[in-house]
Amino acid sequence: MMLEKFVLAAITTNPKKIPSGTAVFHCDSKEEMEKVAANLEAILDGIAHALTEELYIIVKH
1 MMLEKFVLAA ITTNPKKIPS GTAVFHCDSK EEMEKVAANL EAILDGIAHA LTEELYIIVK
61 H
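Using the UniProt record's numbering, you'd call the opening residue of the sequence shown number 1 and step up by one each time.
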């Protein structure tokens with residue numbers, strides 16, 4: 001089975017913005033959030049997208 005077009009993870013500085021059922025990584029700063037997003041891109045073989053100043057998602061295309 002091939003996984004396509006799926007949100008793999010969310011990275012945020014504001015946990016109230018994330019729906020349940022998503023793998024969430026909570027960060028204390030924007031800099032930490034950007035570093036975690038970059039690492040997860042490589043680890044999960046996905047693409048990081050900044051949705052807001054406090055929310056990134058990792059998507060498998």
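Hints listed in this document are in silico derivations from the structure and should not be mistaken for laboratory results. Fair warning: this is a prediction, and the values are worked out from it, not measured in the lab. Hints are supplied without guarantee of correctness; some may be wrong.
[Stated by the list, open to error] Pairs of lysine-lysine, DSSO-like flavour, derived with a Cα cap of 30 Å:
hint : residue 1 : residue 2
1    : Lys30     : Lys17
2    : Lys16     : Lys60
3    : Lys35     : Lys16
4    : Lys30     : Lys16
Here is how each hint holds up against the structure:
For the proposed pair Lys30 and Lys17, the alpha carbon gap of about 15 Å is at most 30 Å, so the pair holds. Restraint check for Lys16 and Lys60: the C-alpha separation of about 23 Å stays at or below 30 Å, so the hint holds. At most 30 Å may separate the alpha-carbon atoms for a hinted pair to count; Lys35 and Lys16 meet this at roughly 21 Å. Distance restraint check for Lys30 and Lys16: the Cα-Cα separation of roughly 16 Å lies within the 30 Å cut-off, and the hinted pair is therefore satisfied.
Every hint from the earlier list agrees with this structure, and none is contradicted.
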